[in-house]
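Novice: Chain by chain, the residues run as shown.
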Amino acid sequence: MSLYSHILTQILITVVSVSGVFVLTGMTGMFSLGQAAFMAIGAYTSGILVTKLAMPIIVAWPAAVLLAVLVGLIVGLPTVRLRRDYISLVTLGFGEAITALLNRATTITGGASGLTGIPKRTTLLIAFVSAAAVVTLISFFKSSKYGRQCIAVRSDELAAKSMGINVPRVKMIAFLISVAVTAYGGCLYAFYTAYVDPTLFGWQRSAEWIIMVFFGGVNSLTGSILSTFVLSGLPEVLRFLQSYRAIIYAVLVLLVINFRPSGMLGEWELTPKHIKRLFKRPKGARAQEVD
Amino acid sequence: MQILQYLINGIALGSVYALIATGFSLIFNVLKFSNFSHGALMTLSAFSGYFIAAGNGWGLVPTILVSVLTGAAVSLFGEFVAFRRILTHNTSPVYFFVSSITLGTLYEGIVVLKVGANFYNYPRFFGKPYRIAGLFVARSDIIIFCISAAALLLLAYMIRKTKTGRALRSVSFDRDTASLMGINVTRTIQFAFIVSGALAGLAGVFLGINYTLYPTMGSIVVKGFIASVIGGLGSLPGAIIGAMLLGILETTLISIIGSGYAPVFTFVIMLVFLLVRPRGIAGSNIQEKA
Amino acid sequence: MAVLKIDNLYKSFGGVKAIRDFSLTADRGEIHGIIGPNGAGKTTIFNVISGIYPPDSGKISMNGKDITHLEQHQIALAGMGRTFQNIRLFKGLSVLDNVMCAFDPRSKYGVAGSLAPLPGRFREEKRGREFCMHFLQMVGLEKQAHEHPEGMSYGHRRRLEIARALACEPTVLLLDEPAAGLNPMEVGGLTQLILKLSNEFNFAILLIEHRLELVMNISQIIHVQNFGKTIAVGKPSEVRNDPQVIEAYLGKEDG
Chain A
1 MSLYSHILTQ ILITVVSVSG VFVLTGMTGM FSLGQAAFMA IGAYTSGILV
51 TKLAMPIIVA WPAAVLLAVL VGLIVGLPTV RLRRDYISLV TLGFGEAITA
101 LLNRATTITG GASGLTGIPK RTTLLIAFVS AAAVVTLISF FKSSKYGRQC
151 IAVRSDELAA KSMGINVPRV KMIAFLISVA VTAYGGCLYA FYTAYVDPTL
201 FGWQRSAEWI IMVFFGGVNS LTGSILSTFV LSGLPEVLRF LQSYRAIIYA
251 VLVLLVINFR PSGMLGEWEL TPKHIKRLFK RPKGARAQEV D
Chain B
1 MQILQYLING IALGSVYALI ATGFSLIFNV LKFSNFSHGA LMTLSAFSGY
51 FIAAGNGWGL VPTILVSVLT GAAVSLFGEF VAFRRILTHN TSPVYFFVSS
101 ITLGTLYEGI VVLKVGANFY NYPRFFGKPY RIAGLFVARS DIIIFCISAA
151 ALLLLAYMIR KTKTGRALRS VSFDRDTASL MGINVTRTIQ FAFIVSGALA
201 GLAGVFLGIN YTLYPTMGSI VVKGFIASVI GGLGSLPGAI IGAMLLGILE
251 TTLISIIGSG YAPVFTFVIM LVFLLVRPRG IAGSNIQEKA
Chain C
1 MAVLKIDNLY KSFGGVKAIR DFSLTADRGE IHGIIGPNGA GKTTIFNVIS
51 GIYPPDSGKI SMNGKDITHL EQHQIALAGM GRTFQNIRLF KGLSVLDNVM
101 CAFDPRSKYG VAGSLAPLPG RFREEKRGRE FCMHFLQMVG LEKQAHEHPE
151 GMSYGHRRRL EIARALACEP TVLLLDEPAA GLNPMEVGGL TQLILKLSNE
201 FNFAILLIEH RLELVMNISQ IIHVQNFGKT IAVGKPSEVR NDPQVIEAYL
251 GKEDG
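Protein chains in written order, with the working numbering: chain A, 1 to 291; chain B, 1 to 290; chain C, 1 to 255.
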């Protein structure tokens, strides 16, 4: 596989996870600092089911996503009724707990030396189709009744309740969707790199995803995807930036927060209408010339 | 006898957690948001203590001083670059989360740039542990406990008895009203960040003494967060009680099930606590403003 | 049967008694004005009725159903709509979507329909859009449906809040100072709007307002609050001449 298709595959897998974070953080205003732990659940469960129990992928991946959602339900249940800070604190603790568990349960997970021997099945095509499918689902979600309710909850919880919105329920739905999507990203990741270890899923990764969402535009899925490409693509292309990656991200986001708080694209979304218009424009321009 | 030994070790551990939890709660109290850069700030301060003081053969006191000063200074810097604008422009509080997460990434990124993935150790500041009536008491534990207790008592005195403390309390209660009463809100918030940063520096050194110095050591901040959730988010006495409780619980758990699984159990304890008593021990539940 | 019945409501915060023994019975088509000086506990009454704070004691029932201990969103779904004194619209949503949010909890499609283009979703979305556009038309904002509320004038945002409350299909509508910040011409338009809505929907309206001319003109019954207590209840003409009311508003006359 060439370098560029390698980079592209990794970016597309990140797009899947960032789309999940977009639902939770961009739309609903909740911050999960243990989101990468759900990616770990997806990666490890699917990897273990396939390598140790010889399950076919078509069963193992959905099983992994389902397990992550069940765990998400347990983590979310005590927190969705409380103020936003709790879900961040609880997910952060959850991330640490999962890392400890992965390090410790050596016989199943391979411990600190990681889980090896996962078959390499994620191709560029699979990554692309997955990313496209997830982005389509999420954009449908954004314009749905739950999407609107998520944005209402982010904007003003109290007013949302007064309009009959069941806030804990909406928060839970957003959380579980993001968990499912992130866990799926974990499946893609494990079957791409063929190897996972506990250090890959710390809070730094969750923080990176949140940074990508905010850099692109709080309320714009298009922006989140674009910034995923820019922020994770740039250091790959310009290798000498690699070790400064975290610092560059942080400085960029601090600049955005201070000077353009709605992110690069704000609320702008690329819709099928825009794409149509893009192809029509030359025609219109010609018509004007004739006039 | 065994129980007494756990109690002693637990209190020593708990006093470090208490430093973390109060530093975190202080900012939560004043600005009503969770400062997720607190952990990385501990790491940064602990490492600056190593590179400036301990690594050059200086003793414990200079190391602590360097770390505390670094913590305070960096925290003040963080307030300026990440939070000031959000406060003055009244941007959505959601941005506090983003800012603090970003700051955490920045601090940790700086540490990683300097040390890579290496582990460092402070020189041994202390001699052999004392043996008192069959119990082992590490000298470091005694010193850590005493300094922590002194720092927390000083903080309590400051908040309750001084003019700055009063200002801090009224800004916590209602920023707008405090400003109308002639309190310099910006100065007060800066003060809270300085104190919180100093506590982070102190906790950083102690963590470095107890364990080792490594770039992701800041994730121990989770223990402080859990302690303040158990104690009641935003309550300083609650944070200290929660931290002590967590310290004792953890040392007991570790001796039973080993250190590997301990984070899993402390997490489960927090979940159960939230289900049973979401307001925490202190019982003050800060709701988002109506 | 009364649409809204409030019996002996009490609420205090710390030592401050915000509501002391408040009772009210409202029927369909009635407009009740609640007036009183600042800090008289008027908004607290709304916040307790709509479930933001639980009352210390007392009973609230709507359409014969006890709603005292229901959660906020359950009360809204039971038929209560409200606006806020300090306009609380949803940022990040268009004008139409703001109204849609009040319809959404009653929209009949689930999580699957939210993620995928299932037929039920399109049917319900279309129904919702028509339903909400109707209310936007009513308050005169149909042309701004796809704009964002942040850019609108104060008067328009107040009207949007009313449209959003209407989409809750309320049998009781709580309006918290709907005329605050409006110019005299807009106040006239608002008065007409409230009367029109009252006729059209035949719900009970509770109205907190500082502009006495507005309240006095359209309310059938006025409740005057002072320091958490109801000091007078009655027709506008009776209340206007009540000595206690005059004292509360103008202060005690010397001599």
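Just so you know, the hints here were simulated from the structure itself, not pulled from any lab data. All values reported here derive from a predicted model rather than from experimental measurement. Careful: at least some of the hints might be erroneous.
With a straight-line Cα cutoff of 25 Å, these simulated BS3-like cross-link-like pairs (lysine-lysine) come out [to be verified]:
hint : chain 1 : residue 1 : chain 2 : residue 2
1    : C       : LYS126    : B       : LYS32
2    : C       : LYS17     : C       : LYS5
3    : A       : LYS120    : A       : LYS52
4    : C       : LYS59     : A       : LYS273
5    : C       : LYS196    : C       : LYS59
6    : A       : LYS273    : C       : LYS196
7    : C       : LYS91     : C       : LYS17
8    : C       : LYS126    : A       : LYS276
9    : C       : LYS91     : A       : LYS273
Non-contacting residues of chain A with respect to chain B, defined by C-beta distances greater than 12 Å in every case (computed) [unchecked claim]:
hint : residue
10   : PRO62
11   : LEU77
12   : THR136
13   : TYR195
14   : ARG245
15   : ILE248
16   : LEU255
17   : ILE257
18   : TRP268
19   : HIS274
A virtual CB, placed ideally from N, CA and C, is assigned to each residue, including glycine.
Novice: All hints are to be evaluated individually against the structure, with a verdict given for each.
Specialist: Hints versus structure:
A distance of roughly 41 Å separates the Cα atoms of C/LYS126 and B/LYS32; the hinted pair therefore is violated under the 25 Å criterion. Restraint check for C/LYS17 and C/LYS5: the C-alpha separation of about 21 Å stays at or below 25 Å, so the hint holds. Distance check on the hinted pair: A/LYS120 and A/LYS52 sit about 15 Å apart at the alpha-carbon level, within 25 Å; holds. Annotation: proposed proximity of C/LYS59 to A/LYS273 is violated, straight-line Cα distance about 53 Å (limit 25 Å).
Restraint check for C/LYS196 and C/LYS59: the C-alpha separation of about 31 Å exceeds 25 Å, so the hint is violated. Taken as a hint, the A/LYS273 and C/LYS196 pair is broken in the structure, with Cα atoms around 39 Å apart against an allowance of 25 Å. Between the alpha carbons of C/LYS91 and C/LYS17 the distance comes to roughly 34 Å, so the proposed pair goes past 25 Å and is violated. Only pairs whose Cα atoms come within 25 Å are accepted, and C/LYS126 paired with A/LYS276 is accepted, the gap being roughly 23 Å.
Taking the CA atoms of C/LYS91 and A/LYS273, the gap is about 24 Å. The hint holds against a cut of 25 Å. Interface exclusion of A/PRO62 from chain B stands, the closest Cβ pair being 26 Å apart, more than 12 Å. Under the 12 Å C-beta cut-off, the non-interface status given to A/LEU77 relative to chain B is violated; the minimum distance is some 8 Å. Listed as a non-interface residue, A/THR136 keeps its Cβ farther than 12 Å from every Cβ of chain B; the least gap is roughly 26 Å.
With a minimum CB-CB distance of about 18 Å to chain B, A/TYR195 clears the 12 Å threshold, and the non-interface call stands. Distance check for A/ARG245 against chain B: the nearest CB is about 8 Å away, which does not clear 12 Å, and the non-interface claim fails. Remark: the non-interface label on A/ILE248 conflicts with the geometry, its nearest Cβ contact in chain B lying 9 Å away (cut-off 12 Å). Some Cβ of chain B comes within 12 Å of the Cβ of A/LEU255; the nearest lies about 10 Å off, and the non-interface call is violated.
Not every beta carbon of chain B lies more than 12 Å from that of A/ILE257, the smallest distance being close to 6 Å; the non-interface claim is violated. Listed as outside the interface, A/TRP268 is consistent with that label: its C-beta sits roughly 18 Å from the nearest C-beta of chain B, beyond the 12 Å cut-off. Against chain B, the non-interface label of A/HIS274 holds: every CB pair exceeds 12 Å, the least being about 27 Å.
The structure does not agree with the numbered hints 1, 4, 5, 6, 7, 11, 14, 15, 16 and 17 stated previously, though it agrees with the rest.
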